[in-house]
Amino acid sequence: MSTKLDATSARERVRAFVAAHRDVTDRVGFLRARFDAGLAWVHFPEGLGGLGASRDLQEVVDAEFAGTPQPDLGKQGVGLGMAAPTILACGTDAQRRRFLRPLWTGEEIWCQLFSEPGAGSDLAAVATRAVRDGDEWVVDGQKVWTSGAHHARWGILIARTDPDVPKHAGMTYFVCDMAAPGVEVRPLRQITGEAEFNEVFLSSVRLADDLRVGGVGEGWRVAQTTLMNERVAIGGEPVEPGGGPIGPVLETWRTRPDLRTHDLHRRLLALWVDAEATRLAAARFREQLAAGLPGPEGSAAKLAFSTLNQRLSGLDVELNREAGLRYDDWTFRRSDDVDMFGRDAGYRYLRAKGNSIEGGTSEILRTVIAERVLGLPPEPRTDKNVPWKGLPR
Amino acid sequence: MSLLYTEQEQDLRDAVRAVLADRCSANTVLARVEGDLPYDGDLWRVLARDVGVAGLLVPESLGGAGASSREAAVVLEELGRAVAPVPFLTSAVLATTVLLRAGTSEAGKILGDLAAGATTAAVAVSLAADPFRPGGNDVVAEDGGLTGVVPCVAGAEVADVLLVPVGDAVHAVTEFTVDTDVSLDLTRPVATVTLRAAQSVRVADSSDAVPYALAYTAGLLASEQLGVAEWCLDTTVAYAKERTQFARPIGSFQAVKHRLADLWLDVVRARAVARNAADQLTGGLTDAARTAVATAQAWCSPVAVHAAEECVQLHGGIGMTWEHPAHLYLKRAKADSIALGAAGDHRDALAGLAGVPAPA
Ligand SMILES: Cc1cc2nc3c(=O)[nH]c(=O)nc-3n(C[C@H](O)[C@H](O)[C@H](O)COP(=O)(O)OP(=O)(O)OC[C@H]3O[C@@H](n4cnc5c(N)ncnc54)[C@H](O)[C@@H]3O)c2cc1C
Chain A
7 MSTKLDATSA
17 RERVRAFVAA
27 HRDVTDRVGF
37 LRARFDAGLA
47 WVHFPEGLGG
57 LGASRDLQEV
67 VDAEFAGTPQ
77 PDLGKQGVGL
87 GMAAPTILAC
97 GTDAQRRRFL
107 RPLWTGEEIW
117 CQLFSEPGAG
127 SDLAAVATRA
137 VRDGDEWVVD
147 GQKVWTSGAH
157 HARWGILIAR
167 TDPDVPKHAG
177 MTYFVCDMAA
187 PGVEVRPLRQ
197 ITGEAEFNEV
207 FLSSVRLADD
217 LRVGGVGEGW
227 RVAQTTLMNE
237 RVAIGGEPVE
247 PGGGPIGPVL
257 ETWRTRPDLR
267 THDLHRRLLA
277 LWVDAEATRL
287 AAARFREQLA
297 AGLPGPEGSA
307 AKLAFSTLNQ
317 RLSGLDVELN
327 REAGLRYDDW
337 TFRRSDDVDM
347 FGRDAGYRYL
357 RAKGNSIEGG
367 TSEILRTVIA
377 ERVLGLPPEP
387 RTDKNVPWKG
397 LPR
Chain B
146 MSLLYTEQEQ
156 DLRDAVRAVL
166 ADRCSANTVL
176 ARVEGDLPYD
186 GDLWRVLARD
196 VGVAGLLVPE
206 SLGGAGASSR
216 EAAVVLEELG
226 RAVAPVPFLT
236 SAVLATTVLL
246 RAGTSEAGKI
256 LGDLAAGATT
266 AAVAVSLAAD
276 PFRPGGNDVV
286 AEDGGLTGVV
296 PCVAGAEVAD
306 VLLVPVGDAV
316 HAVTEFTVDT
326 DVSLDLTRPV
336 ATVTLRAAQS
346 VRVADSSDAV
356 PYALAYTAGL
366 LASEQLGVAE
376 WCLDTTVAYA
386 KERTQFARPI
396 GSFQAVKHRL
406 ADLWLDVVRA
416 RAVARNAADQ
426 LTGGLTDAAR
436 TAVATAQAWC
446 SPVAVHAAEE
456 CVQLHGGIGM
466 TWEHPAHLYL
476 KRAKADSIAL
486 GAAGDHRDAL
496 AGLAGVPAPA
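In order, the protein sequences belong to chains A and B.
Using the numbering used here, the first residue of the first sequence is number 7, and each one after it goes up by one.
Using the numbering used here, the first residue of the second sequence is number 146, and each one after it goes up by one.
Calculated directly from the structure, the hints in this document are not laboratory data.
Take these hints with a grain of salt, some might be off.
Here are some chain A residues the structure puts well away from chain B; computed CB gaps all over 10 angstroms [to be verified]:
(1) GLY124
(2) ALA133
(3) ARG159
(4) ASP168
Per the computed footprint, the stretches of chain A lying under chain B, defined by three or more beta-carbons under 8 angstroms from a beta-carbon of chain B, are [unchecked claim]:
(5) 247 to 256
(6) 281 to 291
(7) 376 to 384
Note that beta-carbon positions come from the ideal geometry of N, C-alpha and C, so glycine has one too.
Based on the sequences and whatever the hints tell you, model everything.
Laid out in structure tokens, this is it:
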């Protein structure tokens, strides 16, 4: 692009695009055209869904696209939030061209094959092995808690390629073909009754070397890109005062005066303040990003949000009294999506328990803040400079 | 609107911080609280006149800097960080806002002197006054002048002018006696003010200016609380890096680390709500500003107290000593949590402001 895109020209571009595509009614068709026009992620390069513009214009563009066909943020969450930025930052040109467009349109769904039974918080302990065989890799192991694996065409995978070096050095990052022979996805039922996540067994799965993202042994570095984006994505979107997770509680409070008690009132007011402080901190963080001053506050968003969400949904169940004694549906089924607004308080309460576990537990986030933001000394470690194969498991 | 600091605001911060670094170290403040009164007149003159903080909120037409609540808030962050014993909050914010709101020519005359740093003023209300239910006092206007006693007034010892709400009006008096109480907050003590047939000048014909100024000042007090909390966090983090027990820095223990991470998260949000209140107040006390003020007070009061309490605890024995400045911050934070409405008073106000009505 010769001239730099600003907010006004971005808005004009979107308006012109929307006007020109008024008659495109199918979602995928519209999203394909939006990608091709560089209006998927404006900060991505031209030809890859973007215009090479500044990142803060995305908010302007998204606002302007309100009311048009949208990507499915539930099903496409891993793809949009984690796989896309990782492939852009660390993938080859061929990978970018192959994967980004159908990822954006939702024609191909992605999942995250990171956690294992023996490697959760300690992600660098992964034991799934990838062994080179000519132009291919042969992958064996088990992944767990894989959200949406049942929809996924591709998975972002970290596997051990060298067990003889310390754990952080022996991993490699791949795109896993979920349709390949040897990939088996089994649902895991959650406390909400349904199965949002799965266990994924990988038995002699053959992946071509061109599905490797980054160098052999660089898997940890590539995974950091993914995880940083995961925490930003979980931190949430801009909302109005009283919006977001406190919305449904306020709605019940206002429409059901018969349920109000003094104790709940006191606690709800305290949570209102908490929600507003958390909302304003997120707004301030976005302002810093837009001004090109990214601060460490980003890592705070997820921690604050998960605690708040849990307290609010807990209060919500109590506020609902008799309705709080009932539950909408325990049926064991595959879920498409996390529905924090369409379902009952009981579901929200149970699902919110995952917020402080998924994407890095709250304990791990506190350690990250203490060490990386506050600069406190690390804990003594027994797992550094020891070959992975010698670690206790 | 912006929750960030402008370049000018950063410059103002740097100027205030430089003066405080030079003249208001923790040891200086500790030494001052041993005397009769903690207030540091020299420090105040430098800040008021040279840096120009006294007239920040006063319009240029009256001799002030014509700045806004945003700049005043930045000054308060720095004064909080240093628990600086100067009458900025009581004179340059609270009394100044009463006079600005009064808008009379008598008020204008006093404002000119305040802005120039020639005099300071205080408002004869209890520091514990809740802006939503300020209550009255027992001062009466009799033939000979104003008579009465007002307890728990802050900044009166160094005030040349006292602004006294009486009935429906606000009066300015210069003859009054001040008896300083032995106070929890060593750096901003409270005092009993007594008026005996004091001659007065009427500066406002309505008493509305007082609750208005109390709410406005409560919003800016949040920035002082932010400064207090920030000092406590920074000091504790620094100590946790340097203090060694069990052959490792105490900051490497997770029990310590996680508490500090949580405290940091609270302070990050304190900054957001305090900046929001300061920003909203630039347009006066609109409903949005009242909501922002109540939110900022409800959040920052307990955060400042918690930060100071963590500071004492994580310093161990040294944190319990008179010699370490942590107690100055604990005392200020605790007194601030009562000042201008407790957190609970502000949460109660939010019931109406945010549409969360109480049970019938
Ligand atoms: C709803 C949900 C969806 C998920 N989706 C995915 C997905 O799509 N893909 C994927 O790869 N993973 C996914 N996960 C997995 C998630 O990332 C892990 O569960 C998480 O990282 C924790 O790992 P773990 O379950 O092995 O617990 P552990 O690591 O065993 O932790 C158990 C407890 O010990 C604590 N702990 C562990 N280490 C420390 C330490 N050093 N200091 C202090 N405390 C510690 C933890 O905080 C936790 O409380 C999902 C999880 C949930 C709940």
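Tested hints:
| no. | hint | in the structure |
| --- | --- | --- |
| 1 | GLY124 | holds, 22 angstroms |
| 2 | ALA133 | holds, 26 angstroms |
| 3 | ARG159 | holds, 38 angstroms |
| 4 | ASP168 | holds, 30 angstroms |
| 5 | 247 to 256 | holds (count 3) |
| 6 | 281 to 291 | holds (count 7) |
| 7 | 376 to 384 | holds (count 8) |
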